[in-house]
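A.B. asks: Take a look at the letters that make up each chain.
There are 2 protein chains.
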Amino acid sequence: MSARAGIVVTGTEVLTGRVSDRNGPWLAERLRELGVDIAYTTIVGDRPEDMHAALRFMADRGMDVILTSGGLGPTADDLTAEVVGRFQARPMELDEALERRIAEILRPLAKRWPNLDMDAMRAGNRKQATIPLGSTVLAPVGTAPGLIVPPLEPGGGPTVVVLPGPPRELQPMWGAAVQTDALRSALVGATVYEQRTLRLFGIPESEIAETLRVAERAGIELGKLEITTCLKRGEVEVVTRYEPAAREVYEAFARVVGGRHADTLFSEDGSTVDEQVAASLRKAGWKIATAESCTGGLLACRLTEPAGASDYVNGGIVAYDNEVKISQAGVARELIERHGAVSAEVAEALAEGARLRLGADVGVGITGVAGPGGGSEDKPVGLVWLSVGIAGRDPLTHSVNLPGARADVRDRATTVAMHLVRRALGER
Amino acid sequence: MSARAGIVVTGTEVLTGRVSDRNGPWLAERLRELGVDIAYTTIVGDRPEDMHAALRFMADRGMDVILTSGGLGPTADDLTAEVVGRFQARPMELDEALERRIAEILRPLAKRWPNLDMDAMRAGNRKQATIPLGSTVLAPVGTAPGLIVPPLEPGGGPTVVVLPGPPRELQPMWGAAVQTDALRSALVGATVYEQRTLRLFGIPESEIAETLRVAERAGIELGKLEITTCLKRGEVEVVTRYEPAAREVYEAFARVVGGRHADTLFSEDGSTVDEQVAASLRKAGWKIATAESCTGGLLACRLTEPAGASDYVNGGIVAYDNEVKISQAGVARELIERHGAVSAEVAEALAEGARLRLGADVGVGITGVAGPGGGSEDKPVGLVWLSVGIAGRDPLTHSVNLPGARADVRDRATTVAMHLVRRALGER
Numbered sequence: 005m006s007a008r009a010g011i012v013v014t015g016t017e018v019l020t021g022r023v024s025d026r027n028g029p030w031l032a033e034r035l036r037e038l039g040v041d042i043a044y045t046t047i048v049g050d051r052p053e054d055m056h057a058a059l060r061f062m063a064d065r066g067m068d069v070i071l072t073s074g075g076l077g078p079t080a081d082d083l084t085a086e087v088v089g090r091f092q093a094r095p096m097e098l099d100e101a102l103e104r105r106i107a108e109i110l111r112p113l114a115k116r117w118p119n120l121d122m123d124a125m126r127a128g129n130r131k132q133a134t135i136p137l138g139s140t141v142l143a144p145v146g147t148a149p150g151l152i153v154p155p156l157e158p159g160g161g162p163t164v165v166v167l168p169g170p171p172r173e174l175q176p177m178w179g180a181a182v183q184t185d186a187l188r189s190a191l192v193g194a195t196v197y198e199q200r201t202l203r204l205f206g207i208p209e210s211e212i213a214e215t216l217r218v219a220e221r222a223g224i225e226l227g228k229l230e231i232t233t234c235l236k237r238g239e240v241e242v243v244t245r246y247e248p249a250a251r252e253v254y255e256a257f258a259r260v261v262g263g264r265h266a267d268t269l270f271s272e273d274g275s276t277v278d279e280q281v282a283a284s285l286r287k288a289g290w291k292i293a294t295a296e297s298c299t300g301g302l303l304a305c306r307l308t309e310p311a312g313a314s315d316y317v318n319g320g321i322v323a324y325d326n327e328v329k330i331s332q333a334g335v336a337r338e339l340i341e342r343h344g345a346v347s348a349e350v351a352e353a354l355a356e357g358a359r360l361r362l363g364a365d366v367g368v369g370i371t372g373v374a375g376p377g378g379g380s381e382d383k384p385v386g387l388v389w390l391s392v393g394i395a396g397r398d399p400l401t402h403s404v405n406l407p408g409a410r411a412d413v414r415d416r417a418t419t420v421a422m423h424l425v426r427r428a429l430g431e432r
Numbered sequence: 005m006s007a008r009a010g011i012v013v014t015g016t017e018v019l020t021g022r023v024s025d026r027n028g029p030w031l032a033e034r035l036r037e038l039g040v041d042i043a044y045t046t047i048v049g050d051r052p053e054d055m056h057a058a059l060r061f062m063a064d065r066g067m068d069v070i071l072t073s074g075g076l077g078p079t080a081d082d083l084t085a086e087v088v089g090r091f092q093a094r095p096m097e098l099d100e101a102l103e104r105r106i107a108e109i110l111r112p113l114a115k116r117w118p119n120l121d122m123d124a125m126r127a128g129n130r131k132q133a134t135i136p137l138g139s140t141v142l143a144p145v146g147t148a149p150g151l152i153v154p155p156l157e158p159g160g161g162p163t164v165v166v167l168p169g170p171p172r173e174l175q176p177m178w179g180a181a182v183q184t185d186a187l188r189s190a191l192v193g194a195t196v197y198e199q200r201t202l203r204l205f206g207i208p209e210s211e212i213a214e215t216l217r218v219a220e221r222a223g224i225e226l227g228k229l230e231i232t233t234c235l236k237r238g239e240v241e242v243v244t245r246y247e248p249a250a251r252e253v254y255e256a257f258a259r260v261v262g263g264r265h266a267d268t269l270f271s272e273d274g275s276t277v278d279e280q281v282a283a284s285l286r287k288a289g290w291k292i293a294t295a296e297s298c299t300g301g302l303l304a305c306r307l308t309e310p311a312g313a314s315d316y317v318n319g320g321i322v323a324y325d326n327e328v329k330i331s332q333a334g335v336a337r338e339l340i341e342r343h344g345a346v347s348a349e350v351a352e353a354l355a356e357g358a359r360l361r362l363g364a365d366v367g368v369g370i371t372g373v374a375g376p377g378g379g380s381e382d383k384p385v386g387l388v389w390l391s392v393g394i395a396g397r398d399p400l401t402h403s404v405n406l407p408g409a410r411a412d413v414r415d416r417a418t419t420v421a422m423h424l425v426r427r428a429l430g431e432r
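Residue numbers (the numbering used here), protein chains in the order written: chain A, 5 to 432; chain B, 5 to 432.
Honestly, the hints are just simulated from the structure, not real lab data.
Just to be clear, a hint being listed does not mean it is correct.
Intra- or inter-copy, both count: the list cannot distinguish identical chains.
[What the hints assert, rightly or not] Here are the simulated DSSO-like cross-link-like pairs (lysine-lysine), alpha carbons at most 30 Å apart as the crow flies:
1. Lys115 to Lys131
2. Lys383 to Lys236
3. Lys236 to Lys287
4. Lys383 to Lys115
5. Lys131 to Lys228
6. Lys236 to Lys131
7. Lys115 to Lys236
Construct the entire structure; sequences and hints are all you get.
C.D. replies: Below, the structure written as structure tokens:
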């Protein structure tokens, strides 16, 4: 029986959709790594009674641990510590050592903002240092401390881990939280699951559903595996979690997927296409450069996301305007006039221009109709031409008709481009 | 008393953090526009009992409407319709007209994927057409129909609106749902609130907390306003919701904010810095171009996000490698050698290169240390130099020390760049 956990994300700005929640997904991944089964993530506003009810619900559903994020700031609408204290029936108390510690942290900040109201700051400081009696304090990363608040009686309900809202405070603090006895004891007995990921590109999700049926008919005990499939940025991701004893069942299942989908299965070890492209470029010692029209730099962004990308990315041209395609990427004007800016010819010329002008080994060109305007019968919204060029080889050029709104078309086009680069680099 | 709503997002891939939820935030915004008060967004996996408990919880908390997203696909782990049917005590029934309609939709898809298993597809089709008796069907946008499932007795609990998971299916379907009598009657009596947004750039959130206290001391009845403040991509956003009768209280509050924060308040009408920059460029009839190093194209992406951006964006250079800064953006080699790539001089040269080489009126240059490597004592991780150049004017050049991880530094740097462009264009 694995430990069960719930996550309560607080904040009206998250609940009302003005800020998207990054903490729930991040904490969920961390919990799974620890073998903890996550049952719910609930987002609540800054109303104490709604938050209290959410904690109650999770306790009633048998959670062993509840993580909260947010509501630890200095302002009056930051109520998490107080609500959790009440939930665990622990009185609130000023921790003076903690108060001094926060004051130390605030000192340099006060210098940076010379007109700051110091009384307001001290009031906030005191509020942040007032915590439920019997909590374990997690040292502040920003100015807010985290808390581990156990039930009054051991086994009398869930342990609540109170974390700050900003991801860059929450993430290191979670690392500290898992080292504490207070959290460790709450997670005792968690089964450590294994998790494996397969990724496919270029098939509909329903085909995987059929493959599951095929595997079942072949006698593979899928009941021992927890398989989830999902469509993610144009790829199908198959994530399987199982107890270590079921490893052979998983291997048999993975072989069935590999057999039926050899042409579309591109990752058996969980690696992403981004990681594969980066690794191939590093291995070859090659540099890549882009010339993008409709994607407006999104592919260059994506290629430069990982640390160390400068080892294999030279840069790119965002050739949004046709004159920029001509002047910066060296696309011949007559090519645009004859074939139109969205064409195989212009995609190839963009790829070649990127490669030659930016001194790269691999060039990528993208040109398409992102919409909502600009489509025609011939070249509808969603049509994107992509090309990858490598010196001394024929270019790999491909068109796709992508569904969805402008942002979807742009995002999906970069995924298609990454896969085209992967193929061009000689990966499967 | 306004209607209360909850959102239940289903899917193990969302719960476990592999896919981030876009539907909860989007639906929350739509609900607020309708004057519906949102209390909870809960993410659950593909376990029917967990989902059922989440619906029960929201009903117990007095929700008038519950929206669900996801779990309407053709595969066996798509269980939403069935769980909602059981929750509302309505038996499941095959809707044959709906079955034929879905079959029609699938026909062209079957052509696109010639090796598709037709039996699997028909089984999925039938499953998707099996719905709780007494539901109102919302026409499929993809292949999945939506449902509005009322309680058995009017007033006997919440109405459940069942929507598909993919945002581009869910969003148009929500538009159809709000037109139905079934949903309208559930939302009867919703108070229509007014909502106003102020945005500030360049102050800490605690300063706004102090401004609230100042407003209160000045006798403004803040109790009549529902004010939430949050830090979002480096800006402070103050969103206020109130009943129409409290409009003057809001105006008085807004005047206090305007008086205390005249230098940092950049939006009083909810417009974003992106919208303001776009509008200023359009008004001036100017074109913009970028030359980015550490942000890798993120600013060009952001500028080209809105439809019609080609009216004022020429394009950009992603000058990741120093050689690209020299060859494509025309930065003098000796400038880089003398001052380093991360310097005021190189930022200015990038801005000028972007403007001149891409034939634009406004050029933006960004160069910085995104990290995690590459920092030094002089030029630590997070240091970013930015410059905006306009012909015949002195460049506006500025450095910032941005906190956070690589992705945060890159993202925040684009926000700083947008504000620098706004200032250069002569907005407040």
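A.B. asks: Hint by hint, say whether it matches the structure.
C.D. replies: Hints and how they fare:
Taking identical chains as interchangeable, the C-alpha atoms of lysine 115 and lysine 131 lie at most 30 Å apart only when both belong to the same chain, with a minimum of 21 Å there against 64 Å between chains. Proximity of lysine 383 and lysine 236 under a CA criterion of 30 Å is satisfied intra-copy only: 26 Å inside one chain copy versus 38 Å between copies. Taking CA atoms no more than 30 Å apart as the test, lysine 236 paired with lysine 287 passes inside one copy only; the shortest distance there is 27 Å, against 39 Å between copies. In this assembly of identical chains, the alpha carbons of lysine 383 and lysine 115 lie at most 30 Å apart only when taken from different copies (21 Å versus 58 Å within one copy).
Within a single copy, lysine 131 and lysine 228 get their C-alpha atoms only as close as 49 Å, which misses the 30 Å cut-off; across copies the closest is 25 Å, which meets it. Taking CA atoms no more than 30 Å apart as the test, lysine 236 paired with lysine 131 passes between copies only; the shortest distance there is 23 Å, against 42 Å inside one copy. In the homo-oligomer, the alpha carbons of lysine 115 and lysine 236 lie at most 30 Å apart only across protomers (23 Å), although the nearest pairing inside one protomer, at 45 Å, exceeds that limit.
The earlier numbered hints are all upheld by this structure, with none contradicted.
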